[in-house]
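> Taken in order, these protein sequences are the chains called A and B. According to UniProt numbering, the first sequence holds residues 1 to 496 in order. According to UniProt numbering, the second sequence holds residues 1 to 496 in order.
Keep in mind that the hints are not guaranteed to be accurate.
Note that identical chains are pooled: a pair holds if it fits in a single copy or bridges any two copies.
[To be verified] Only pairs whose alpha carbons sit at most 20 Å apart, straight line, appear in this in silico DMTMM-like list of lysine to aspartate or glutamate: (1) K151 to E163; (2) K72 to E62; (3) K172 to D120; (4) K151 to E161; (5) K396 to E59; (6) K47 to D19; (7) K172 to D262.
In short, the hints are calculated from the structure, not lab data. Being a predicted model, the structure only gives us computed values, none of them experimental.
Number of protein chains: 2
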Amino acid sequence: MYADIKIADDRPVYIQVKDYMKRLIRRGALQGDQKLPSTRELSALMKISRNTVVTAYNELEEEGYIYAVQGKGNFVAPGAAGNVSELSYEEGESGFEDDGGHIDWRQRISRYASEAERLDLMKRGIRAEKGSISFTSIAPDEKLFDLHNVKRAFMDRMSIEGEVLLNYGYAKGYKPLIDFLLRYMENKGVDLTGKDILITNGFTEGFDIVLSALGKSSGRAICENPTHNTALKNMKLHGYSITGVDMEADGIDLKRLETELDSGEFDLAYLVPSYHNPTGIVMSPEKRIETIRLLSSRGIPIIEDGFNEELRYSGSHVAPLIASAGRSNNVIYLGSYSKILFPGLRVGWVLADKELIGYLESIKRSRTIHTSTLDQSLLYQYLHNGNFEKYLKRAKAEYKRKYELAIESCKAYLPLRKLSGDGGLHLFIEFDETLPTRILLEACTRKGVVFTPGDNFYVEEGQGRHTMRLGFSRVADEQIVQGIRIIGDTARELMG
Amino acid sequence: MYADIKIADDRPVYIQVKDYMKRLIRRGALQGDQKLPSTRELSALMKISRNTVVTAYNELEEEGYIYAVQGKGNFVAPGAAGNVSELSYEEGESGFEDDGGHIDWRQRISRYASEAERLDLMKRGIRAEKGSISFTSIAPDEKLFDLHNVKRAFMDRMSIEGEVLLNYGYAKGYKPLIDFLLRYMENKGVDLTGKDILITNGFTEGFDIVLSALGKSSGRAICENPTHNTALKNMKLHGYSITGVDMEADGIDLKRLETELDSGEFDLAYLVPSYHNPTGIVMSPEKRIETIRLLSSRGIPIIEDGFNEELRYSGSHVAPLIASAGRSNNVIYLGSYSKILFPGLRVGWVLADKELIGYLESIKRSRTIHTSTLDQSLLYQYLHNGNFEKYLKRAKAEYKRKYELAIESCKAYLPLRKLSGDGGLHLFIEFDETLPTRILLEACTRKGVVFTPGDNFYVEEGQGRHTMRLGFSRVADEQIVQGIRIIGDTARELMG
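Start from the sequences and build out the full structure, keeping to the hints where you can.
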């Protein structure tokens, strides 16, 4: 005892001594009212300074683990000793377990929890070997991150109001960031009359809160098919029955949309008008206006996923739906910089009708109190310092090059039937019906190349079995070419 | 036009020029294919450098707002001009509104949303005048924050793995922090066999996720009465019917607990064993063991709120319920440093059975993807650097002094019937039944003193009408005395 303590380099020594002593007390190796070694003795045994032992003993006393008797030394507090053993060990190894303390959680969880687990793709994903070429990610390339500007933004903001940032903030969000984003959205053409912003932990929280806030009448939701799989998952978890509308080269198929809308009631529409996930399609301005008209005339709330619209490499300006909708209040815009800037900073925003935002704010408060003020203020200061525009310029140039390389390689090497992707961070590919992409993936994985099978993004099971999404944002140039060539070769082998 | 631009100091000038031009294009002040002033002309009109204009024009072109014609100059892109006016203004001021684009959100929201709003105390709270003495907060005193250590922790961590921190993390949490917290909980006496940790956005998200995960059978929850109002709110929002059990000086009334447990089924118990909110009572070790026994023998999951247990000023060591429960797997421990360290960092954790954590992880992923990696890694590095122990020491000394001052002042000045609070950041006071604290609060507010009426914390409406919570953590010493004296004087006046 004592001499066997292992002092690690990575933590203050007195804390390690304290923890060591606590363990002895807790395990019953030291009994209540038992005398402890003197500080001099312990320092010799542990080969550490006496001051360190004094500090450790003082804190153990403050925390109630030991008590000191003037002139006699330190003793183990009777209440602290063997707390666990009193309970579980005296009643036998199992303690409360015999008494019903053991629960079979699989039997006790809610349907929601088991569905969340079942639909959790991260738990069903492909495990790529180290060194594989992976086209599964559409997260930004971290090599682009301008860390010095991030550090500067943090230090700037901490110097201005560090104490405020570290204490409680507001459910609605960090005021300077809200004001910045309002101006930012106004510059995209949004009429802010009667609208307001709520800051959320990224797109996902915004979407989840909006789904919780909307009342259900038909219990039906309509969206593009295929579409963002997290959105599909969350609509399912909220109990919606989902109607998917096929995509054309310039966005949702308007005729089918109208047919579906005429066929029954819908509680909401979910749309990704720019760099649609997974197809990469940018909806044309004409379709945007017609889509809004079709949905608005039926009083259907539109949840607009502003996903990546910042990433346009070129081409004409396309306004978000909420801008095209003018003063109408039925578009709920979900914004995020996560796919462009830093996903590790969990910041997104909901721009919508002021009254609706009031309800969303209360839900947000009941769920997570508020979004990390550090994330919000750092992002604000980074934007305020003018870093975003410069970063975006570099990022666009980088992604554009990769995009062109990926398109070129796909055309050269893949036996594809259809290819879409107007820019952004990914392409969507459809093969002949003789080539199920799950089988292709299995074969490619063995050759060290992975991608996302497209069926993940479809509303109905069995759809999209010959499609795949290729995310290229984090793949090096030469690997883009090499990886796509391998996929092509493998596809041809399988197609015979 | 142009000359009326107002250049602010706080943002890069070229961005301001860009935004100004976008607004003109958007509002239709500039029409499609209209020629823009040359860079030389615009720089003269706006009194800014020509380079700035060149940069602004380049970016406007990249974003598709304008196009350049070699040798002729820059022109407004036809697609960009008057996007809004095409839609709403040409169809009249209201645009899509006439077409059903206007929704009365109060009619369209879910019951959950309207309940969240109704139960949102922040929207019903007392607005204290500036300069008031406010006993409503139980947040930490930001004067204690050691900003230099926070900055150092951030810089340390960013230097080690900045790129990783800014990209996507894991739903389960930041691995080094999870490992740290597992060791931390083990040092509190927890047997980690079969247990795991999920990191959440503070206590509140952890609680909300756990409530979502637990299956309902009786739909009934049991807890101390009074108790933490956010917990009450969230149990109500999750549709639980709540049974409250009265408190005694050393914690929950065991006889009543047993009677209630014998009277019917319960799906869960929610308990705050240390510095119980709002009463400030620390449950005695004997009661802890008996409470676990009563609940475990009936197979009821126990949600333990680890609220502030770090803040013990003195007295014997008291193990959390999950430590006393040994290897049983029915205790779900929710931990947070928010009330002690930095609430602005939204980090909490759930320590529970491994299998249950698996479900919670999937729910977490569907709700918010993951907790801010910046918050998690900063907190980890701060703890790792050994700052927490030193900070806690200072904080405890500070709060202990305030606590003793508050107790002393209450005894001296308040016509109270009962006083509780074994430490922590607040006291709970009960007056004679002739003194409703809502009326006392109204009178005190006029004299510049505010506190939290105790009825907020009770399960049933109408209970606790003569109680109040006094949070002293952020009140200066002299104001503690002065404020309590004013409350006392006012109470006596009202009691006649």
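> Against each hint, give a clear statement of whether it holds in the structure.
Against the structure, the hints come out as follows:
Both within a single protomer and between protomers do K151 and E163 lie at most 20 Å apart by alpha-carbon distance, with minima of 18 Å and 12 Å respectively. For the identical chains of this complex, K72 and E62 are intra-copy neighbours only, at 18 Å inside a copy versus 80 Å across copies, given an alpha-carbon limit of 20 Å. In this assembly of identical chains, K172 and D120 lie within 20 Å of each other by CA distance solely across copies; the values are 13 Å between and 29 Å within a copy. Within a single copy, K151 and E161 get their C-alpha atoms as close as 16 Å, and across copies as close as 13 Å, so both meet the 20 Å cut-off.
Taking CA atoms no more than 20 Å apart as the test, K396 paired with E59 passes between copies only; the shortest distance there is 12 Å, against 55 Å inside one copy. When the C-alpha separation of K47 and D19 is checked against a cutoff of 20 Å, the pair qualifies only within one copy, where the shortest distance is 16 Å, while the shortest distance between copies is 66 Å. Proximity of K172 to D262 under the C-alpha cut-off of 20 Å is found in neither arrangement, the shortest distances being 37 Å within a copy and 43 Å between copies.
Violated hint for the displayed structure: number 7, the only one.
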